[in-house]
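Engineer: Here's the letter readout for the chains.
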Amino acid sequence: MLLGQFAPPGNADPLDPQHAAKWSEVVKSFFQTALVGHPDQVAHDAPRPQFYDPTATETADDAAEATITWSAFPRQVALAAPGTRQRWELADSSRARQDEYCEWSVMREGGRITSIQFTCEPPEYWRFLAAVDPERVVALYRQFVSRDVQEDDLFVDDRYVLLNRWNSTTDGGAMHLIHRPNSLSAEIELAAASSIVREIPGEGTLMEEQELIACGEYGNGERNSDPHIGGEVNALTRQRADVTLADPVGLYIDGLRTELFETPDGSDPQACWTVVRGDPERAVRAVFEVPDDRFAIEEILIDGQPIAFGAQLADHITMKLVGVACRLGASDAEPLSACVSPLALEGAASLQPPTVEIPDLGEFELASRAG
Amino acid sequence: MTRMQAARPRRAGLESNVPGFDAALLEDGQLYGLVVGIDPPEGRKLPAAELQQLRDPVAELLFERGTFPATTDELLRALDALNGDPAGLPHQRSYVVGEGGRIPVQAGDGTARSLRFAVTRASAPNVPPELLMSVGAGGDPRQRFLQVAGWDQTAGHFNFYLRNEGTTAWIWAGNSYHALEPRSRGKGPFDGHVNGSLVMKELKVPWSHWHSSRASIREAADEAVAADPLFADRAHADDFEASVIRPWVGRWTTRRLERMRAAGTIEHPDRLMRQVLTTTTANLVSTQTESARLAAGAPLRLPSTFFFNLDALEQLGVPVPPAVPVIPDGRLYADALAAVGSRLEDGRGFRSAGDTHFAFLVPEPALEDVTVVLRMASTGMVPARLLVAALMVDVANPTYSPRRAALMEPMPASADWGDGPTGLAERFAAGVTGPAGEAFLAIWQLDDDAWPQVCGEILTRYMQHVADRLATPDGVLDYLRLAVSRRRRFARTRLAEFPMLFPATDIPIDAPALELTLEGAVRPQEGA
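Chains as they are written, first to last, in my numbering: chain P, 1 to 371; chain U, 1 to 528.
It is possible that some hints are incorrect.
[As the list claims (entries may be wrong)] Chain U stretches covered by chain P per the calculated footprint, using a threshold of three residues with CB under 8 Å from any CB of chain P:
#: 1; segment: 126-135
#: 2; segment: 245-258
#: 3; segment: 298-312
#: 4; segment: 371-378
Source of the hints: derived by calculation from the structure; they are not laboratory data.
Note that the Cβ used here is the ideal one computed from N, Cα and C, for glycine as well.
I would like the entire structure built from these sequences, with the hints used as guidance.
Structural biologist: And the structure:
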């Protein structure tokens with residue numbers, strides 16, 4: 001069956017029919033871009049026949065969902081910092097370090113941690129929301145980040161500022177993703193690009209996550225997320241399935257593992273973890289804070305260490321996306337026999353850039369492909 | 001994995017390791033006690049009064065109710081039947097490990113993939129599972145090894161059980177404290193559960209040999225294994241580390257130390273200090289680079305714990321060097337592999353030149369040892385300075401250091417808890433002797449505001465030497481030879497059970513053990 005339209009990430013906000021249709025058009029445009037790939041820029045990046053837009057192509061009855069999970073702690077930080085405390089400090093130093101589709105901010109009062117905010121909401125959605133309903137954006141900031149948020153903090157010349165004072169640091173609030181690679185369009189592009197099955201002469205069919213991402217160049221091989229998502233998607237298309245992303249398309253917080261947590265009063269540490277935006281199964285925002293201030297967050301131990309960093313929690317947060325595979329075994333797509341490579345000049349001259357219809361969204365600007 | 005003697009042919013193992021044990025004498029539907037080294041070698045029927053003292057879910061949910069499963073399926077079904085019981089363990093997870101698990105399956109191949117499962121059952125999500133199984137994969141389910149550990153919350157230790165293959169006779173093989181007791185130490189299940197806790201050899205990312213988020217085990221050559229729900233529903237090793245192994249190593253250590261604290265006196269300090277000063281066991285850690293992706297010009301980041309006990313020293317307050325040790329050009333490492341003839345062999349005909357799936361798999365200080373070190377400090381049993389001073393002795397050899405182990409003699413027979421004149425720290429420091437003792441005292445006698453800085457500077461100078469040598473072909477070859485030397489030490493333990501745990505090399509098997517110096521040089525180990 002065909003999907004009628006794409007819902008907002010996590011169904012976090014009830015949109016009126018007009019706005020809901022517009023948001024769906026935004027997501028659809030990402031799919032259209034991802035379906036085409038970048039044949040104007042590189043070779044062997046397309047076609048992508050096993051990836052489909054579920055609003056344009058039927059999802060068959062044999063469809064099965066595949067949940068793909070990864071750690072929220074940025075792997076590039078772990079690779080760069082040998083010590084545990086060193087990597088916590090580094091991951092907490094800047095949102096630009098938080099590149100696993102999860103960003104956080106540690107809120108303090110008088111030097112004590114009052115809460116830790118985690119978000120995986122895509123910037124495209126907030127740009128969209130700011131364009132169609134700016135009052136709601138201000139209200140949501142006041143509800144979830146600070147009662148002190150002013151409209152002027154978020155909008156300059158009536159344009160929404162993604163990196164505003166309430167959403168640009170690791171200690172002043174986190175409303176949505178801001179690090180450039182953390183975007184919805186990047187997720188869709190990643191799923192589409194990794195769907196290409198590659199049979200390389202002399203090497204055979206590529207199956208390992210690192211060889212796939214090195215060959216397909218669909219993300220950063222040093223993250224937790226990109227190679228793993230790509231590897232899992234490709235495992236499905238190697239079974240000759242068609243793949244897409246489950247609606248609502250988004251990146252989600254799968255959960256917080258608390259087996260290593262110890263509260264000072266022996267209470268369940270899960271009581272400190274609250275999903276505050278998104279469906280229960282599609283959390284886009286969660287907060288860690290102690291109910292009724294029964295004790296300080298710093299009194300909670302994780303593996304024997306008192307909480308002092310948001311990164312300590314990120315170590316135990318799992319992220320997810322949900323893919324859909326159907327027509328298992330039925331795809332007749334031919335594998336590509338080469339890896340992504342620069343275009344030869346003569347080839348480039350003969351190619352046309354992809355034609356993608358961009359919906360008219362007024363002030364709204366589509367995010368460019370994430371790097 | 002959760003070992004419990006996983007995958008060794010246990011009947012033959014018990015019969016060969018326990019003179020007098022005869023599996024044929026065990027009756028079906030019975031629980032026997034056989035703590036090797038303590039119980040009679042033929043085992044003994046466990047009296048009802050002793051069974052009553054076993055307060056773990058294996059005893060309570062199975063044996064007390066007269067359930068003696070013959071197979072993993074029977075055991076899981078018996079647990080499923082109790083999912084609605086307040087004591088039930090309805091939440092199941094399975095994990096897969098196999099040294100050859102990522103070798104592509106080809107028709108008719110007989111490669112030793114050594115696949116096996118770890119299965120956990122918990123009472124609720126987000127709590128550590130109270131019951132763990134180590135289960136063989138494939139073959140006759142009645143003959144597969146099946147070993148179970150259950151946490152006894154009342155006593156604060158694990159009980160270890162195994163099913164006698166081909167029967168419904170079960171053996172209680174001891175509890176965590178038997179791992180520490182001289183008569184049973186290193187025997188029965190405690191040759192793997194060396195310190196009474198759970199074991200996952202390849203503990204950290206990228207969890208070499210495990211199905212994980214970093215690398216999947218996608219296929220099983222045996223169709224029955226591929227169809228097994230334990231395989232189909234396999235979870236990532238990431239979860240096994242974070243949700244099972246680390247919590248239980250921490251909780252067992254906490255309960256063990258609480259008992260000493262309550263007594264106020266530390267009897268047998270050697271049982272703790274050997275986890276500081278010696279390598280009672282080890283974990284295995286590797287680079288995060290797949291060997292197939294080793295590339296000329298691409299850096300290869302080595303695990304810092306190969307060079308010093310990073311996990312303990314950093315948490316104890318030493319400002320550790322911020323840089324990761326790196327071979328700047330993957331070609332240097334590839335050349336070193338070729339120079340020593342590194343290759344994977346399964347002993348059945350499979351052979352492939354190169355390294356394990358993730359490059360440079362080496363022993364590192366064991367989680368259970370590091371956890372004891374950190375808990376000794378955090379509970380106030382001893383000051384961090386004592387532990388740092390001990391670990392800084394021969395710091396360039398975080399595993400298998402005879403120089404640091406020399407500090408075990410003399411050891412006080414007992415000591416008091418805390419930082420007083422009769423406390424463990426003062427009594428230990430008063431007794432140290434020899435060159436190792438002098439090295440220990442050089443740090444121990446520093447002021448509290450001086451030792452972190454001094455230790456940090458020692459490590460910084462040392463790691464600069466290491467970095468310099470990692471940029472040279474000879475240096476990389478030396479470190480690979482050192483890695484092989486340490487692997488061979490590990491391979492002597494019963495944790496090294498399966499082919500292709502490590503690559504084989506052309507380095508003679510009788511080559512001398514090697515050690516590292518603070519100048520970054522590799523040389524034959526003194527005192528080995």
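Engineer: Looking at the structure, which of the earlier hints fail to hold?
Structural biologist: Violated hints: none; all satisfied.
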